[in-house]
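Listed here are the chains, written in short residue letters.
Protein chains: 4
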Amino acid sequence: MSRNIQVEKASVPPIEMQPLEIVERKGVGHPDTLLDAIVEETGRNLCRYYKREFGRIFHHNVDKGSLAGGRARVDFGGGEILEPIYICVVGRAATDVLDKGCKITRVPFGKIVLDSIQDVLRSTIRNLDPIKHVLMDYKIKAGSGDLTGVFEGEGKIPLANDTSFGVGYAPLSETERIVYKTEQLLNSAAFKRKHREVGEDIKVMGLRTDNEIKLTIAAAVVAKFTPDRDHYTGVISDVRNAVIDQAVKLTDRKVSLEVNTADRPKDGVFFLTVTGTSAEMGDDAGVGRGNRGNGLITPCRPMSLEATAGKNPVNHSGKLYNVLAQRAAERIIKEESRVAEAYVKILSRIGHPLDQPLIASAELVVADGASWNNVRDNVAAIVDAEVADVCSLQDLIIDGKISLF
Amino acid sequence: MSRNIQVEKASVPPIEMQPLEIVERKGVGHPDTLLDAIVEETGRNLCRYYKREFGRIFHHNVDKGSLAGGRARVDFGGGEILEPIYICVVGRAATDVLDKGCKITRVPFGKIVLDSIQDVLRSTIRNLDPIKHVLMDYKIKAGSGDLTGVFEGEGKIPLANDTSFGVGYAPLSETERIVYKTEQLLNSAAFKRKHREVGEDIKVMGLRTDNEIKLTIAAAVVAKFTPDRDHYTGVISDVRNAVIDQAVKLTDRKVSLEVNTADRPKDGVFFLTVTGTSAEMGDDAGVGRGNRGNGLITPCRPMSLEATAGKNPVNHSGKLYNVLAQRAAERIIKEESRVAEAYVKILSRIGHPLDQPLIASAELVVADGASWNNVRDNVAAIVDAEVADVCSLQDLIIDGKISLF
Amino acid sequence: MSRNIQVEKASVPPIEMQPLEIVERKGVGHPDTLLDAIVEETGRNLCRYYKREFGRIFHHNVDKGSLAGGRARVDFGGGEILEPIYICVVGRAATDVLDKGCKITRVPFGKIVLDSIQDVLRSTIRNLDPIKHVLMDYKIKAGSGDLTGVFEGEGKIPLANDTSFGVGYAPLSETERIVYKTEQLLNSAAFKRKHREVGEDIKVMGLRTDNEIKLTIAAAVVAKFTPDRDHYTGVISDVRNAVIDQAVKLTDRKVSLEVNTADRPKDGVFFLTVTGTSAEMGDDAGVGRGNRGNGLITPCRPMSLEATAGKNPVNHSGKLYNVLAQRAAERIIKEESRVAEAYVKILSRIGHPLDQPLIASAELVVADGASWNNVRDNVAAIVDAEVADVCSLQDLIIDGKISLF
Amino acid sequence: MSRNIQVEKASVPPIEMQPLEIVERKGVGHPDTLLDAIVEETGRNLCRYYKREFGRIFHHNVDKGSLAGGRARVDFGGGEILEPIYICVVGRAATDVLDKGCKITRVPFGKIVLDSIQDVLRSTIRNLDPIKHVLMDYKIKAGSGDLTGVFEGEGKIPLANDTSFGVGYAPLSETERIVYKTEQLLNSAAFKRKHREVGEDIKVMGLRTDNEIKLTIAAAVVAKFTPDRDHYTGVISDVRNAVIDQAVKLTDRKVSLEVNTADRPKDGVFFLTVTGTSAEMGDDAGVGRGNRGNGLITPCRPMSLEATAGKNPVNHSGKLYNVLAQRAAERIIKEESRVAEAYVKILSRIGHPLDQPLIASAELVVADGASWNNVRDNVAAIVDAEVADVCSLQDLIIDGKISLF
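Residue numbers (my numbering), protein chains in the order written: chain A, 1 to 405; chain B, 1 to 405; chain C, 1 to 405; chain D, 1 to 405.
Treat the hints loosely; a few may be bogus.
Intra- or inter-copy, both count: the list cannot distinguish identical chains.
Result set (DMTMM-like, lysine to aspartate or glutamate): computed pairs, CA atoms no more than 25 angstroms apart in a straight line [unchecked claim]:
hint, residue 1, residue 2
1, 224, 115
2, 254, 212
3, 132, 80
4, 266, 162
5, 9, 174
Because the hints were derived from the structure by calculation, they are not lab data.
Assemble the whole structure, with the sequences as input and the hints as a guide.
Right, dumping it as structure tokens:
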């Protein structure tokens, strides 16, 4: 059955010619990103368990949850956590699997959640102790399906579990690259080695108006490595210099920078933390409230509201189509040199096979003089191939080869 | 101090001329919308309490939370809730207020949360009993501020609490109006009187490709009013007819419609519920995962990811600027007839007064022949006035005069 | 198989001749008693459900839990609940039942817990609103047994699930009767009609030294019916008079009385409540921490530490043997007039039929001149018959015909 | 003011001459004992914190809580925890301390609870990983007192916070010693070194009828050290031999022994565990449901129902009087050689100084020929001195020098 694929010239001008861009990235230690990472790790570990034990993946979606920030007392030189961070993973899963012989196997979903929380925290936030600083919880129930938890139409293309859409585009704009790489730089192992004072909770906001880029950075500082104000000021200065040094290599535009603007030195207010994340002190989080699949929040670009983290990679169109759209856009840019920018949007039909979306659309900014018919056919073929291959995303996601936030 | 206001011609063509639109609305009984309503009601009730008791609003943000769906057994003619829906409101608030005489007043935040949950559920879902079907919880801690909980710079324009942006646009497109009004129709008192079988959990997805609009509707059906399959089929047919009747009055485009596409009659699978919301059976929710401020999810339009629900209306730029942008766009359309479409974007500067955003931008689709300079100045004045008046939003929000989802 | 029954003369003198007695009763509105009532009601409702749906009772024990008191603001004339009372039922149950056709039935244990909490609160505390004043929760998991949840050896005498003992005695001493009836009086419908100010949280402590009885009563007073100190003083005076009036009819000993001794009028400290129970303000509770099966706490008498509330009435020796011992003691007194006092103790053997305890012992205070051999044989026969009939307790308990606290 | 002290000859015969004794000890790894240890450790750590930071102890009582058992899959040779053990500490404490300058200090009660849970588990159960196998929680609110949390009458003898009684006796009977030492032996470091298969969850029940003692032992076996049935049988045999070897040195009575009677080898049912405690698999617990202050449950002896664990050691008569009664009884036996057995009971008067109980009573079994008047006066003096010195218990308890379970 042929797919409903539509390829059009973009109705928007190239991104760099648009007068305004707003771009945000919440770093790996930001509470929203942390929670996304936790539920996605939980989902991946469930998949691995199901595959290992039963040879196939069972129903699950652990794409909700909340993080309620703790309370801390902090000052230059140190501090302590007064009340722990509360993290709760919410969702559903096949909690007990009934085999053909009417024998039940209990799925260790509780253990999987706890291990996932611990692993993410331990590998993400250097100065947070997941044992002493965190209360873990979960609310996971068996889903609405039958006890077997088998996806319908097994062996064939899974049916979309919802009416939902995915969007993706390529390439990143200059501002987007700068915002993304700024956070990557500050959270890199190399930077942390030199500047252990800088925590993982880093938020970068970029505003481009015509040819001017303003970056606003909030970077948690770890109190125990920061004995006093002078030291703090030095750290902020180091952050500033490193960011500027990198940014000027990425753009010819004018770049300005503000770091920890909310500090009020006169009142003794600084972005100091015990652990390196604001989750320690009342900064709460929800799943799906942070970065989109490309690691950015881009209100001036098409965006999906779907939380990709925690959803199952078998039949959840809200997850798969976002990944698919992003990859298709990137492949178009890579393989069709006459396309300068590509926007891909896909809309699922609940209850229909995932490779039969209601529509898959590509909007293209093409180079002057390009043969449109030819470009259009090439791009349509790429989109068609990507949609046809949607099931291959499953393993890539489980293996952690696709970044989702 | 003059504001950084920028008015430009839109780089996008008019929405009706764009080839593709995807528009979604999650109805008032959808779990995500329910949870947004609950946290916003909690926030408003906190504001009212603070004002009544202390004459001013104290720090709070209750914009996180989760809803873990229950378990139900349902069949034509009836059913029962096996495990209740779990609803947890997460956030922070001034829980104890210390006056100048060093006397503490305990804030009844627990009572406020419970009353808010109960009130929203009772007024939204006719067939849900908030006592028997719901487990309530909350995780609310005192914030990071001092115990007084007073906003900085009281009496003056509050300082933005974060670097965040708001976006808004006007007017709604035809497809957007149809999607919005479809849900409003199905959840109207008049419709419910005639069709009590239709629950409040209604999701409408609209896809426009050129001149064709496809609506996909998922509408929970209340089992106790639906004795058998024939009755169910009749209900679905009634929904279909009502929606089409309304849609054809709103557009000349071709409209097609699918209702409850995920039903599999052969397997006995229907969208039947005890209560009228899928929250009863494992459909979980998070705050800020549903409709944007205009009641829609519009991936082909600029969107903010900020959850507006539950945030304080005093200094939370993520809430106020979204409301502000939306209202400014509407006012531009109303007052400047030469503007066909307006997109407004505002970006805050953390720690700076709310009426001094980093930028407030309007992009306009103007009528041919309009005098651009004149339009620009008029619109700039409107945006300037709206930004200057940002504090007036506070009371409108508390009084429930502004719809947020 | 003959039972190991041992009948001896008591090694203690008659209770009224002992120099010291300490007797306590926690009234129906005391947090510990409330929680016992809630878990027992939950257990009974589970039994009824299992019997109704499946024709037999499945494994369960819901004999743990906690009640974390709320916070209230109270003053003469009224007050309000600031934070609700948190009640959590902890235990295990057959949550899903697998029939022979390998079909699963989901047990509505969540609903059963919630209904039980609501029912107990509503029928016990007149001025508490279980919707506005209480957070409900539960932690109930499937037990360690197989999924069927069937008790071993069905159709036969169930096997004791644990090594545990039960104790009982009869008759009550004079002091015990006075303590018991004091609470019954103050919580009677007749008394409440006249004195609506008196809450249900009433604790009575009795101390007898030789021929003097001192009663200490703590009685919650409902603030909204008590406008001022004078009124309060009048209420306390009414309590005092009613208790004394009744007590003098029950004893010739000297009785003295103290009510709400912890009040400190000078500091404005009174036992005032919004709801009539101290659970509203930080008085926490655990299951099995209150009255024993005869409604009393009697450190000068043999006591079992087993919580009877919430345990299953099928195979839990800790529950059944306490009930059995109490009933056997009462029957001995009733049927064998030569016995003045009877103490019965039974110890189970885990894994053995309930009618085959490791030992069932009766210690008797006999009238002078009684024929011991004859008494001994009669009593042994009574104990034997009661033990043989242990399974009949099941229905009596489920039907609420046996008081457990 | 002179104290109300009453010394009498015991109305009961010496314990060894009574025909029946039932004695139980729940070992350190039994869920009830674990939970008692956790709340007591929490209380002690709160005391230490208050003293260190503020120079005095503030109001608190953390004597409630629940432990909801997990789920495990276990077989000879190993197993895994499927769902963690849930542990919740419930109580109240001064959570924020307001000093004279109207400055608030936040008490790290959350951290204290978590550290206490972790420490107890780590030091008690060798094969339990408190990070992977446990969900921690707490429900601790500020108490009903004022914010300062200061105990009334500071600097003087504290006032009893409740009407409650304590009981104690000495010396232990032969059966009691055997039961106690049996558990101590099996949980000793020496025994564990040789028999690492034996878990910490050990329950010993002793029944003495005249001159025969029957011990029933339930001992969790750690699966990973127990490859098969033969090995298991060997472990049980080792337990049996060790217990008998010790018992015969402690008594001349006939001792018989049953270990893990609930095993049903035919059905493959053994007391195998992953961790060494039944808490891993649905065995729930409550505070105050286990051993009394002398480490035993003794229904044939006077017992208090008061949970001593978790209560504050400043003004909680339910805690202090149990400790006091036990110590007074032991001192009587030690210092007055003519007393063979001593039972001490103390009843508090709420709102009165702790050294002014309503009554302190000693009942004595005295040697034949002893001069009663002299004995009575000596014992009265001992009891008087102990009561007078009640405040000295505070530090002993905080320093962990008094065993409570």
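Hint by hint, here is what the structure shows:
1. 224 - 115: between (28 angstroms within a copy, 21 angstroms between copies)
2. 254 - 212: within (5 angstroms within a copy, 45 angstroms between copies)
3. 132 - 80: Both: 11 angstroms inside a chain and 23 angstroms across chains, each within 25 angstroms.
4. 266 - 162: Intra 53 angstroms, inter 19 angstroms, cutoff 25 angstroms: inter-copy only.
5. 9 - 174: Both: 22 angstroms inside a copy, 22 angstroms across copies.
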